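There are 2 protein chains.
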Amino acid sequence: MKKIQGGVCAPKGFKAAAYAAKIKYEGRDDMAMLYSDEPCEIAGTFTTNVVKAAPVIWDRDIVQAGDTVRAAVVNTGIANACTGQEGMDCVKATAWAAADALGIKENEVLIGSTGVIGMQLPVDKLRTGAYALASGLERSPEAANRAAKAIMTTDTHEKEIAYEFEIGGVTVHIGGMSKGSGMIHPNMCTMLGYITTDVAISGDMLQKALSDVVTDTFNMISVDGDTSTNDTLLAFANGLAENPMIDTEGMDYDTFYKALNTVCLHLAKEMAADGEGATKLVECEVRGADTKDNARILAKSVIGSSLVKAAMYGCDANWGRELCALGYSGVTFDPQNVDMYFRADDKEMLICKSGVGTDYSEDEAAKLLSSDHVEIKVDMHMGSESAVAYGCDLTYDYVKINADYRS
Amino acid sequence: MKKIQGGVCAPKGFKAAAYAAKIKYEGRDDMAMLYSDEPCEIAGTFTTNVVKAAPVIWDRDIVQAGDTVRAAVVNTGIANACTGQEGMDCVKATAWAAADALGIKENEVLIGSTGVIGMQLPVDKLRTGAYALASGLERSPEAANRAAKAIMTTDTHEKEIAYEFEIGGVTVHIGGMSKGSGMIHPNMCTMLGYITTDVAISGDMLQKALSDVVTDTFNMISVDGDTSTNDTLLAFANGLAENPMIDTEGMDYDTFYKALNTVCLHLAKEMAADGEGATKLVECEVRGADTKDNARILAKSVIGSSLVKAAMYGCDANWGRELCALGYSGVTFDPQNVDMYFRADDKEMLICKSGVGTDYSEDEAAKLLSSDHVEIKVDMHMGSESAVAYGCDLTYDYVKINADYRS
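Top to bottom, those sequences are chains A and B.
Its first residue numbered 7, the first sequence is counted upward by one per residue in the working numbering.
Its first residue numbered 7, the second sequence is counted upward by one per residue in the working numbering.
Hint data in this document are derived by calculation from the structure and do not stem from the laboratory.
This list has only true hints and no planted wrong ones.
One copy or two, it doesn't matter: identical chains are merged, so the pair holds either way.
The list that follows gives simulated cross-link-like pairs (lysine to any residue, SDA-like), each with its CA atoms no further than 20 angstroms apart: (1) Lys359 to Glu92; (2) Lys406 to Thr285; (3) Lys98 to Asp67; (4) Lys406 to Ala372; (5) Lys373 to Lys406; (6) Lys98 to Val362; (7) Lys8 to Leu246; (8) Lys359 to Val122.
Everything numeric in this text was worked out from a predicted model, so none of it was measured.
Looking at chain A on its own, in the form it has when it is part of the complex (with noise of 0.2 angstroms):
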């Protein structure tokens, strides 16, 4: 697998376009759309908040009815979330100009939203900027580039990447591009993500792909514990690279896994990495767990503990809340079997031995938590299973942002 340029245009046969709808932010693009030339199976997952956006509800429809689609439109600024019917014939309305802009049918065009949940969407803003969009489509790397940055809220940076492999002796294509940054947990974050893919693949099988790699990519960052009502990755594939049709697993399956996997994963450090305030990436591997899911559960209630936050902001070794978060995530363990390691850079400690604090240098442990990427891992000593969660610390900054977002 190589590394390469050009984010969501890297696969063949997609374009994107960013645009300046002024509907929240000023002086910055806010709406992206993603065009294919062909036809595209599509795979989705969503947010599992009761409380559904607008364009989360369009979205999964289309998805679940299983046929093709050609395009998506995405904003910033608001979330149309919690705006009953005049947020969802917003929707409706934005679908309908970009299909009507791109001589496609307006089922054929996804939508998303980002922002402040409980304000209206001004439609015709939406609608102006789908025909905008449509007009400034192109397919280059800088065309990728705007639109990962179009869809940014409170990020600090896009995020975006694409990498070119093979399969069955054909080159093909994946590109993802993503938006973090506040409100994001598990079972979806307040995540906007789109996967493009040239592979030719079946929408079963791109679906089953999505779907698996998930669970421990995605679902597995946390930022500040809440899940939001917007959630939404897709997944675009097209076929142009015509590879020999993907539609059922074996060998072709498991390399496009293994790249859908690499994206994802990428995609979803750097959305914690990039949470909201946060000055640096705290990953949590628990291994020797008994199963995977209470791997899962052990990593993911380290990460969201607000108090192995804060203490990572302060670099503070403070061990004795990641046991404690461990202790209360709802899995049976003993305590006196845990062994805890702190890593950084290379340089890693023993911390904790059978539950009981080791004799680590206070001094040490503080300089290798400075580190602006550090890894708790963690051994159960019950079994063999593992997983690796991801988060960030929590600092002055993230509530600086949460207390006064709207204004």
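Since the structure of chain A is already known, use the hints to place chain B on it.
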């Protein structure tokens, strides 16, 4: 019921003492003792965290044995959690010293610790403290108040309360003290709570009352979502009021239950309001839920949301975050049925009607939210069950306190 002075010393036969053992804090008391002239029935509830501090294991065993007790010794600064055999030996040594000084048995002495996890307690200081406390016991409002202050960690003020009421024509008393204020989350918080009463009640009925009361009081508060390793709530009943013994449910039990609930609710709300860094008490009342459990889950989900808490700090009526938190609580409901009100200082505003924002004034809402006691009232329109959860806002100071707690 009449509110009275005297805290844990208000009921007949209870004495208290405080002492500066210099375990971690300087220039303040950091150990407290509670003692009853007569043997007490004892009831307790403890953390559900599988990582339990040594004193929690000690106390739980005593409560489960069902014998009467006489005293409690509490220290602050170090939690004696994740300390292995050395930690348990320290608990025994402290109980033995207190028992020796008081002329009672060591299994009549309950132990409580709060503070940093993972450090060993200086056993000599604990032992010296136990003897000093025993010689300083007295029954006075001042002694009760000093004890309530001595058990504080990052609390900004002591929490104590006492009431006088009647059972079967006999005047009886109940008092309590507790400490918060970080690592506070349902299923017992990082709290230590001590209730004293001179009511004559059987151990079984005392335990039943305490367990039931906790569900809607201490277990409905949250500061930061972290369930501590040390949470302990103990109720001591020495029977000195000589009311007709309460050994079955009935009118007298109901009267006692009501008094116990009042004391626990007062202490719980005080703890929420004094959460680390908090500037205000935030209540969420959910009514119209289909089941009592669902009402509790919904209310706690709102109170526990970092985004709701940050918005409360910023006096931002960002009600979509409340609706979002209801949505990811795990309870199934139709967002279109949800009404939401903000209330403070006898002013109430309808913010969200049938899942959609009303035409409220942002300025008026911001003014209302600037109160130091804000209520979020939610009507689910699904049934007739209700519950109230108690929390606080998320502030810079929370991060500051917890990024650097150990230094």
